[in-house]
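There are 2 protein chains.
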Amino acid sequence: MAVASHPLDSFFAPASIAIIGASRDTQKIPGLLLAFLRKNAFPGAIYPVNPNYPDIDGLACYPTVTAIGQPIDLAIVIIPAPAVLGALKECAAVGVKNAIVISSGFAEEGGNSTAMQDAIAALAKSTGMRISGPNAEGYFNELKRVAATFSPTVDVKPEQPRLLATTRRIGIVAQSGGIGFAIYNRARALGIALSTVISTGNESDLGAGELLDYLVQDLATNVILLFIEGIRDTDKFLAAARRAAESGKPVIVTKVGRSGAGERGAASHTASMAGWTAAYDAVFAKYGFVVSNDLDEAVTIAAVLTTTPLPKGNRIAVVTVSGGAGIWAADALSAQGLSVPELSEGVQSTIRGLIPSYGSPRNPVDITAQAVHSGGLQKTIELLDRSDEVDAILVVISLSSETRMPFKMPELKPVIDAQRKPIVFWSYTLPSNFARTGLAQSGVVVLSGLAHVAVALRQLTQYAKFNLPAATKLVATTLTDLSAYLEPATLSERDSKSLLRAAGVSLPDETLVTDKAGLDGAIDASVFPLVMKIQSRDIPHKSEVGGVRVNIATKDQAAAAYDALLASARTHRPDAVIQGVLVGPMAKRGVEIIVGTLQDATFGPMVMVGLGGITTELFKDVIYRPAPVSAEEAAMMLGELKAAPLLNGFRGAAPADGPALAALIAQVSQLAAQFTKEIAEIELNPVLVHPAGEGVTIVDALVVRKGS
Amino acid sequence: MAVASHPLDSFFAPASIAIIGASRDTQKIPGLLLAFLRKNAFPGAIYPVNPNYPDIDGLACYPTVTAIGQPIDLAIVIIPAPAVLGALKECAAVGVKNAIVISSGFAEEGGNSTAMQDAIAALAKSTGMRISGPNAEGYFNELKRVAATFSPTVDVKPEQPRLLATTRRIGIVAQSGGIGFAIYNRARALGIALSTVISTGNESDLGAGELLDYLVQDLATNVILLFIEGIRDTDKFLAAARRAAESGKPVIVTKVGRSGAGERGAASHTASMAGWTAAYDAVFAKYGFVVSNDLDEAVTIAAVLTTTPLPKGNRIAVVTVSGGAGIWAADALSAQGLSVPELSEGVQSTIRGLIPSYGSPRNPVDITAQAVHSGGLQKTIELLDRSDEVDAILVVISLSSETRMPFKMPELKPVIDAQRKPIVFWSYTLPSNFARTGLAQSGVVVLSGLAHVAVALRQLTQYAKFNLPAATKLVATTLTDLSAYLEPATLSERDSKSLLRAAGVSLPDETLVTDKAGLDGAIDASVFPLVMKIQSRDIPHKSEVGGVRVNIATKDQAAAAYDALLASARTHRPDAVIQGVLVGPMAKRGVEIIVGTLQDATFGPMVMVGLGGITTELFKDVIYRPAPVSAEEAAMMLGELKAAPLLNGFRGAAPADGPALAALIAQVSQLAAQFTKEIAEIELNPVLVHPAGEGVTIVDALVVRKGS
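Quick note, the sequences are listed as chains A and B, same order.
Sequential numbering from 650 applies to the first sequence in our numbering.
Sequential numbering from 650 applies to the second sequence in our numbering.
Isolated chain A (complex conformation):
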């Protein structure tokens, strides 16, 4: 593949760096940064800028950036906040291509400081100079030896040589410097190679989305770890996400701020079930991101991705030297929904020849400590790697020894190099440096947390199966003007259903009876048993005012229900303007589902589907996606519901009409995406899904106007 150039190449691999505010004091940030840059052997030119020094550590020091008189790819700015804008203007004036503002004291402090940051953003826009930060911790491009950061994790300690077990490299984008470099710190300890780690700071110009995009196209980055507090450059982020999915580059994402204060105050029913990070998770799901909410877990997933091929299925062989540890591993894998199948008699018989009589060839394959020394371990791994009975191999072993290695390394390396499926190593004792270093030479990362290993194998099994749905085009409906339907400030069920019908959504025939004389006609237009519901724009929750009557079997019952509905409404809501009583047939039985849309502040219109009834809230079984979705993508959403078995014919029931439900979800999502300015929310609750071929029935519906 030809290496295309990218506008940010000069940012991430600069030929020259100016440090504005450089210092001789290596106890402080400016001095530390320069020291790290030099200790990591940056191959380009370094220009310290500080009027107080003629030189620093043998480098000529310049009074201003202008005084350098040479082309500068990257300026790192570490001076008091009030001086930053002036320095950046000077940089732009002399043609500096990129800048990182390490200095703090901007939007994170509010008030006037925010205005200073806005001015920085405006400068970037007007000059084309790209600016990262302010309040950033910088970046470390380990491959190109650019330590443009003061993070102590990039310090070079000759007594601690870099452990390198992988040739594939991770890249890290983090909206927290502490966490970004902590991910690097932990990955490095495992021997995972790095391309670049960058902390995004306040993102006045360069945002997490654009930086993600850089790593997505960067050929030196094979796996991306992303730490998000909140995306600011949404469109760039979504474009990068799509590009990652299309190019098959895995993104492991952590989104924080899932709890507490960030939750929407006045959330609607649908939104409140989401929690405000549901939209993020929906976007991650859409693009096949691997979500992880623990540091070691995320790094474990990265370790597997950088050392092994993707699993082709979910069948795992556990090869163990300890019976108890092997059972534990099998449990942990099974708890993640992975399969630990008993091996065929043929494979078992071959393994029996490699292990002592008191071992077990079944799976877990207990080769016993004895078979480690006899070479049975490596031969078993080789055998299982060639077998089509399993899709991955988890080797369970004790690697705490500082002196003895359980593998003959010259024999292991070819096995690992040729692996056809993931061969993953978990040590139940703490792995020693000796073992880590030895196995790294064969390209093995030794993993230490069993639950994390099991999660990683499950996540990668799912990732391997992921297919990006084709981008959904908005299908223009014949309905281009909803204004007639959106006149009232709030819409009743009747109003909502009228709008939906006009938009082409199929709904049961119902009649609004506005005075009792019309009741007989409405009954004749329907079939018993009937349902009758009070209609008023002032009564959003009909059942709370006794406003719904079901199973009405005769005309007399209907007449009585009519009177009772009006009386009950008058009693509970004397001021409500009553539209009438909606009369229609009782719906056939079906699986109770809720379908809806809402608008997310970051990602715009979202569509949701969930198991209906009381269980929706109790078990939070709801799936979201950015709207619009195709019917194909809607079907994927249905597959993710915990209640999916209910739709697929649970306990002998007929399978439900999933295609009809998926079509409805797609249709509603299109409507929400087309009319984002007019429609805030749609809620169809319940939708009854009938047996295959018999469609769905929307029992109740509510459309909420934007701004209402």
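Be careful, since some hints might not be right.
It does not matter which identical chain is used: a pair holds within one copy or between any two.
Here are the simulated DSSO-like pairs of lysine-lysine, each with C-alpha atoms no more than 27 Å apart in a straight line [claimed, not checked]:
(1) Lys1237 <-> Lys1191
(2) Lys1057 <-> Lys677
(3) Lys1057 <-> Lys898
(4) Lys1291 <-> Lys1269
(5) Lys806 <-> Lys1291
(6) Lys738 <-> Lys677
(7) Lys1062 <-> Lys1122
(8) Lys1057 <-> Lys1326
(9) Lys677 <-> Lys1028
(10) Lys1355 <-> Lys1122
(11) Lys1028 <-> Lys961
(12) Lys1057 <-> Lys806
(13) Lys1355 <-> Lys1269
(14) Lys1237 <-> Lys1326
(15) Lys1165 <-> Lys774
(16) Lys1326 <-> Lys885
What the hints contain is simulated information worked out from the structure, not anything from laboratory work.
Given the coordinates of chain A, work out where chain B should sit on it, guided by the hints.
Below, chain B alone, put in the same frame as chain A:
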């Protein structure tokens, strides 16, 4: 507290040890064991026994155990399996008090080898000499310096001094030597002190239950870690569990073998929802054990328990030097159901005086890196320790430096020593040895896994609230002979309900109509609408044969239903013997619950309650306890259901009659416990729970005979 003596004192703290099969070869198990025993400075007498050596490593070596001629508290046997029984007999003959058989080749190999193990068990029983193993890895009593094991984890490495952060000690009982010593290995790396770790081997005599009991009464053990594959000495285990709960000594338990082949083949409906480890989890729940299924998580919980007091509530303060890491920590805690409350203005105002302006005093309390050096970190911790607004403090910090400590140790130690609530330290970078060692001097264990820390705090919050329910006495019912009800091989609903009524369980009045002439009388004895159900011992699943008719509103409908039920049964099951048609009133609405009992192979009768209907299986919302339970304990079970909100008045519904349901669970559990020889299973499904004060209705019931 006076230290009571215990029969196993001489096993765990022997004054003298004979090693039968001792060797000079320290590459092999017998030689390794002797070397570890001596390197750990065992203070008592050591007698190697091996006819091939006059001495080993300066110790006199004896040809036989008899030749020693001194009292021997513990013999460690490491000779080929066929010679073991003879050696043990000789030990018993000369009055050896205890033995550990390290040798393998017994029940784990099956066949004749099992018989050898049975002979060992018989010898223990007949002589009173206590025997651990065979196939054991031995034990390590670190406090008393008894390394009676060949596990390399007990090796003494002068270049790696023992890190000790805790004065409270853990004890470990493991049914896997590999895992038992791996727990020790990981706990040791964190600086957690140990009393004793023991691997139980094949448990010919000394079982995991009895060994657990020893650690429960051992004053040197403050926290117990238990690794179980399957309990053999059930009664001793249960007694030890009760003793641990009564004495408030925490037990952290891992049970493996939760997946796969162990599952019951021909499980009943109720049992199949359990999975076969449900009984273990029920016992753990009953005695307040802390269940953990991950090594590092279990060790993290132990670390918190050995260093801090128990939390008095679930409100956690997060004190962080990194904004991103603090948000992540708050998320992780919230995900565990813990609260991270915003602090009061008063507390915030005090904290503001301790931190820079760009920090945040809200919670997470972001003190910023600046406040570490100014002492604000320690002062904030002190302040929050004294505050009654939080119940625990999580300190989030980077401790990767090998040279700089973020605390002034002489100032930190008094804070930690005086802590009124858990003060827990999580480092988002990998903690350095330097930091671990430094903080250990203040009694701090540095934790590294965030999710594990959050789980630990949640588990300990729950553990602190745990109260052992009073032991449930069996209340003798008037019904002491069930034989009349258990004559048929299988019981129909009608048979089952008759049995339950006779046992005092309250059920709706129903009439069995055996010929059509009796129908009118049955109708008159009931009220419309009716339910009518076919009754046959040959038809266990009535609905599958169209055997249930509901909502019958008139005599005509009843007559038609009667005919239809019989016709449908004849069509589907022409050979079934029909008892008749059961006629009774439709039940009032209520929350649909399932109540049942079954017998577990290890723990005997169990009682279960779950959310009824389709959701029971879909969401596996089922709670078990050993039967019998009191109504109080049954109420605790209800509180553990995910569906508990449904019973407590969900979304404005009236609270359900929990007390009536708890009373029913207790009653059924009593019945199952009293008639363990007669009744295999009871299933009441559904039980409808009506609003408070209105009781419950058992709609359907099935009793399964033992042996049927």
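Status of each hint after checking the structure:
no.: 1; hint: Lys1237 <-> Lys1191; verdict: both (21 Å within a copy, 23 Å between copies)
no.: 2; hint: Lys1057 <-> Lys677; verdict: between (47 Å within a copy, 20 Å between copies)
no.: 3; hint: Lys1057 <-> Lys898; verdict: neither (33 Å within a copy, 46 Å between copies)
no.: 4; hint: Lys1291 <-> Lys1269; verdict: both (9 Å within a copy, 11 Å between copies)
no.: 5; hint: Lys806 <-> Lys1291; verdict: neither (50 Å within a copy, 52 Å between copies)
no.: 6; hint: Lys738 <-> Lys677; verdict: within (25 Å within a copy, 73 Å between copies)
no.: 7; hint: Lys1062 <-> Lys1122; verdict: neither (49 Å within a copy, 64 Å between copies)
no.: 8; hint: Lys1057 <-> Lys1326; verdict: neither (67 Å within a copy, 58 Å between copies)
no.: 9; hint: Lys677 <-> Lys1028; verdict: between (54 Å within a copy, 24 Å between copies)
no.: 10; hint: Lys1355 <-> Lys1122; verdict: within (23 Å within a copy, 63 Å between copies)
no.: 11; hint: Lys1028 <-> Lys961; verdict: within (22 Å within a copy, 54 Å between copies)
no.: 12; hint: Lys1057 <-> Lys806; verdict: between (30 Å within a copy, 25 Å between copies)
no.: 13; hint: Lys1355 <-> Lys1269; verdict: within (26 Å within a copy, 40 Å between copies)
no.: 14; hint: Lys1237 <-> Lys1326; verdict: neither (35 Å within a copy, 47 Å between copies)
no.: 15; hint: Lys1165 <-> Lys774; verdict: neither (66 Å within a copy, 90 Å between copies)
no.: 16; hint: Lys1326 <-> Lys885; verdict: within (22 Å within a copy, 70 Å between copies)
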